[in-house]
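Enquirer: So the chains spell out like this:
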Amino acid sequence: MSAFTSRLLEALGPDVVRTEPEDLAVFAFDAYSEDRLPAAAVIPRNAREVARAIAIARECGEPVVPRGAGTGLCGGAVPSRGGLVISFARMNRLLELDVRNRRARVQPGLINLELSHAIASQGVFYAPDPSSQKISTIGGNVGTNAGGAHCLRYGTTTNHVLGLEYVDTHGAVHRVSLDDPGYDLTGVLVGSEGTLGVITEVDVRLMTVPEAVRVCVAAFADVESASEAVSAIIGAGIVPTALEIMDALITRAVEAHYHAGYPENAGAVLLAELAGTHDDVAAGEALLARIAKDHGALSWRAARDQAECDALWAARKGAAGAIGRIAPNYYIQDACVPRTRLPEVMHEIDAIARDHQLPVGNVFHAGDGNLHPLLIFDRRERRQVDAVVAAGTEILRTCIAMGGTISGEHGIGYEKKESLSLVFSPDDLAAMGNVRAVFDPARAFNPDKIFPAGARCGEVGPPVHA
Amino acid sequence: MIAGSPKSAPRVVEPADAGELAAALRAAADAGEAVLVRGGGTLLAAANPPRRCDAVIATTRLCAVHSYDPRDLTIGAGAGMTLAALAETLAQHGQFLPLDAPFPARATIGGTLAAGWTGPRRSAYGRARDLLIGSTVALADGTLAASGGMVVKNVTGYDMGKLYVGSHGTLGAFVRANFKVLPMPPARRFAVSRFDPGSRERLDAGLHALMVPPVALLIRDGFAALLDGDARGDHRPEIVALFEGSESSVERGVRDYRSTLGAAGVAETRILDGADAAAVFQRAIDSVVAPADGQEVTLLARGLPSEAVHRAEAARTALGANVPVRTLADLLTGDVVAGIAGDAGALARGVARLRDVLGRAQIVASHLPAGVEIDAWGTAPSTIGTMRALKARFDPHGTLAPGGFVGGI
Chain A
1 MSAFTSRLLE
11 ALGPDVVRTE
21 PEDLAVFAFD
31 AYSEDRLPAA
41 AVIPRNAREV
51 ARAIAIAREC
61 GEPVVPRGAG
71 TGLCGGAVPS
81 RGGLVISFAR
91 MNRLLELDVR
101 NRRARVQPGL
111 INLELSHAIA
121 SQGVFYAPDP
131 SSQKISTIGG
141 NVGTNAGGAH
151 CLRYGTTTNH
161 VLGLEYVDTH
171 GAVHRVSLDD
181 PGYDLTGVLV
191 GSEGTLGVIT
201 EVDVRLMTVP
211 EAVRVCVAAF
221 ADVESASEAV
231 SAIIGAGIVP
241 TALEIMDALI
251 TRAVEAHYHA
261 GYPENAGAVL
271 LAELAGTHDD
281 VAAGEALLAR
291 IAKDHGALSW
301 RAARDQAECD
311 ALWAARKGAA
321 GAIGRIAPNY
331 YIQDACVPRT
341 RLPEVMHEID
351 AIARDHQLPV
361 GNVFHAGDGN
371 LHPLLIFDRR
381 ERRQVDAVVA
391 AGTEILRTCI
401 AMGGTISGEH
411 GIGYEKKESL
421 SLVFSPDDLA
431 AMGNVRAVFD
441 PARAFNPDKI
451 FPAGARCGEV
461 GPPVHA
Chain B
1 MIAGSPKSAP
11 RVVEPADAGE
21 LAAALRAAAD
31 AGEAVLVRGG
41 GTLLAAANPP
51 RRCDAVIATT
61 RLCAVHSYDP
71 RDLTIGAGAG
81 MTLAALAETL
91 AQHGQFLPLD
101 APFPARATIG
111 GTLAAGWTGP
121 RRSAYGRARD
131 LLIGSTVALA
141 DGTLAASGGM
151 VVKNVTGYDM
161 GKLYVGSHGT
171 LGAFVRANFK
181 VLPMPPARRF
191 AVSRFDPGSR
201 ERLDAGLHAL
211 MVPPVALLIR
221 DGFAALLDGD
231 ARGDHRPEIV
241 ALFEGSESSV
251 ERGVRDYRST
261 LGAAGVAETR
271 ILDGADAAAV
281 FQRAIDSVVA
291 PADGQEVTLL
301 ARGLPSEAVH
311 RAEAARTALG
321 ANVPVRTLAD
331 LLTGDVVAGI
341 AGDAGALARG
351 VARLRDVLGR
361 AQIVASHLPA
371 GVEIDAWGTA
381 PSTIGTMRAL
391 KARFDPHGTL
401 APGGFVGGI
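Chains as they are written, first to last, in UniProt numbering: chain A, 1 to 466; chain B, 1 to 409.
Honestly, the hints are just simulated from the structure, not real lab data.
Be a bit skeptical, because a hint or two may be false.
Stretches of chain B that chain A covers, calculated by requiring three or more beta carbons in the stretch to come under 8 Å of a beta carbon on chain A [stated by the list, open to error]:
id, stretch
1, 67-76
2, 142-156
3, 303-311
4, 373-382
5, 387-394
From chain B, some residues computed to sit far from chain A (all C-beta separations above 12 Å) [what the hints assert, rightly or not]:
id, residue
6, 162
7, 227
8, 322
Per the computed footprint, the stretches of chain B lying under chain A, defined by three or more beta-carbons under 8 Å from a beta-carbon of chain A, are [unchecked claim]:
id, stretch
9, 204-212
10, 238-252
Backbone N, C-alpha and C define an ideal beta-carbon position, used for all residues, glycine too.
Bound conformation, chain A alone (with noise of 0.2 Å):
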């Protein structure tokens, strides 16, 4: 047993510290390709536990990851230098709920699911809603600043973040909150991947259960001309809460697990939601619907009833795991354009997968221009393995050269830490690389994460690890 894992016995105990490998196998990944045991891994109950770690990983040099569910898809969870995992798994409480002020305050190893549940009863809701919000935490989605499919009118989870605690390197805790006079530093952290502090609690905004939700399904021929639909709501002037695509591989693969009404012959399916007071539901489907089939929709209903919506957004938000039945592997691209650019980089993403031979599916949040290109391959064929790297690396490059960027909800992580500088130049990263320097100048905090090898802001520098 090492001095650093000693340390942390004999200051938290064996019911916190985890250091036996079968007990580390998992925290060594997420749901990246890449793993790593970390030397030891805590389960705290609360800030000054996680305080006390991070001041014991500190003085023996060792690195620090912090750690939600582990459901992201870029490594950013993943311990890349071994050192200390911390796990959130306990810290999972509703701590205060204040409806007439519509705000919380929770523990980040709370679901994200979870909290929504547990105040629906009060007619409020969290809105960041990920695809993995069964499973995720707050805290994980405040460390990639999380989407969802209704970013769209309600913004990520950086717009509903109005407050944190959080430790810093040298195992103090602060609280912050977008009311403080000074810089806002709240902003800062979330999104920064733990990669400037570790965070212990969030204050989260709630928004006020609308009136009336209606959730409408349209068929269309193929991706571009739904893609154009949605370019053309958008440019109508109409935010409804969530514009979705899926194409015709998607939607046979959803069908097939969850039977949820989607129209499976379609080569590609709009899932459109409106929410608001009655009327304004109803107008705002006849618009819609009116959109849609000027732009070739072959047929327009809504959900029936709350089950039926229910349905349809769980079958949505499966889409990736459906897609795991039928595929021996799939990589899940995450990049972002302009809308308006939605039905072009739509084909040229077809005519990328098929200069590769890869299967592709896409499954998307078409309304915000954030695309989930997914392709499908086979991890025993070398030349499979290196097509996927191919095809993803040039569709982010045509995302990149049709004024977008590279991850739009993922986060960069460790995957796509050296295409950073494709969207990036060095004085632009210099300045990320300033706040590094203040809240992390060890760079103990999840290193290998968001930065390119060699940036000012990156590794460069004394090893944390020697």
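Following the hints, position chain B against chain A.
Expert: Only chain B this time, still in chain A's reference frame:
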């Protein structure tokens, strides 16, 4: 109001583009000078005057629209563009950006962002920081640094825009900002009523439960009447609400609102429509920082919406029966504004007393005699150490508005 050397006023530079602005900053930094980057100057009182100021860099000429495809619902524009010019560009395509800053004909995009202004419609549409999707700033060493982009969902790198918004130009100067914009609501109504002070509580209780809430809801007390022709001498508080949305929802919202007011004993409500509604709403925003009479100071304190009415009441009585305090309570955001007039000594004492009552309160407007300074910020937050370290890292030589920010940053 620039506290420069008493012998020579700071020189004013008006760069033609981002490159020139960055070069001007670099030259100043190399010469060891201190610089204030200035937009329309409408919110300069919301920070302390810099300790030193050798040059003022005006963003006036950085006023171009860089990128605007209305079908994308995004726009990118130069930091020196005025909010009025931006609004006009957007309105031609039925769109708007609810930044809600005072004096939009003079206020600039960059200045509004730097001041971190958050208007009364933010519970409906978000704050400036939420609407900003990308930006380019000129840093103290003259480099240009971009972050974000032109897409509405973006988690590529740190969200640097958040850091610069509200930094009062102490970390860098905005040269360009990209926003997500919104389709203009088809209908808009502004409701104005006077009410008996005794019914304040009943009003507050009824109004927060409206099914179709207004996008702004303010109680103004001691401010000049918003509508011409209001009986002079009527010193009762005024409650104002802005409704925006579809015709049917606005109509329903106003109907429910009026009946709630009626139940609380408010007899008369005047309703303005469309452009009139927008103009009077803007006047309500302007009135927060507009000079009323003589020497005065206006503070803004944040808090919970449920406590806004109480806190405003506490501020109104904080200085005793003979010293009037004009207040504004924002029932949706929790902001409380308190304004006082008087001689320099009375203002200093009044600000201190109001900070006792309201907690941390920032000065947003002041009209003070020369030589009088009252700290605009009050107590610094506990994270001031991190903030100081950020300033030292971004601006090691203290080039950008030194000393004007929280905690002497």
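Enquirer: Each of the hints needs a verdict: does it hold here or not?
Expert: Going down the list of hints, with the structure as the test:
Here the stretch 67-76 of chain B counts 6 residues with a CB under 8 Å from a CB of chain A, which clears the bar of 3, and the coverage holds. Counting residues of the stretch 142-156 of chain B whose C-beta sits closer than 8 Å to any C-beta of chain A gives 13, which meets the bar of three, so the coverage hint holds. Given a C-beta distance limit of less than 8 Å, the hint that chain A covers the stretch 303-311 of chain B holds, as 4 residues qualify and 3 suffice. As drawn, the stretch 373-382 of chain B meets chain A at 5 residues by the rule of a beta-carbon pair under 8 Å; at three or more, the given contact holds.
By the rule of at least three residues with a Cβ nearer than 8 Å to a Cβ of chain A, the coverage given for the stretch 387-394 of chain B holds, with 5 such residues. Under the 12 Å C-beta cut-off, the non-interface status given to residue 162/B relative to chain A is violated; the minimum distance is some 3 Å. Against chain A, the non-interface label of residue 227/B holds: every CB pair exceeds 12 Å, the least being about 29 Å. No beta-carbon of chain A is positioned within 12 Å of the beta-carbon of residue 322/B; the least distance is around 31 Å.
Taking a C-beta to C-beta cut-off of 8 Å, the stretch 204-212 of chain B contributes 3 residues in contact with chain A, enough for the three needed, and the coverage statement holds. Check result for the stretch 238-252 of chain B against chain A: holds, 5 residues qualifying (beta carbon to beta carbon below 8 Å, three or more required).
The structure shown violates just one earlier hint, number 6.
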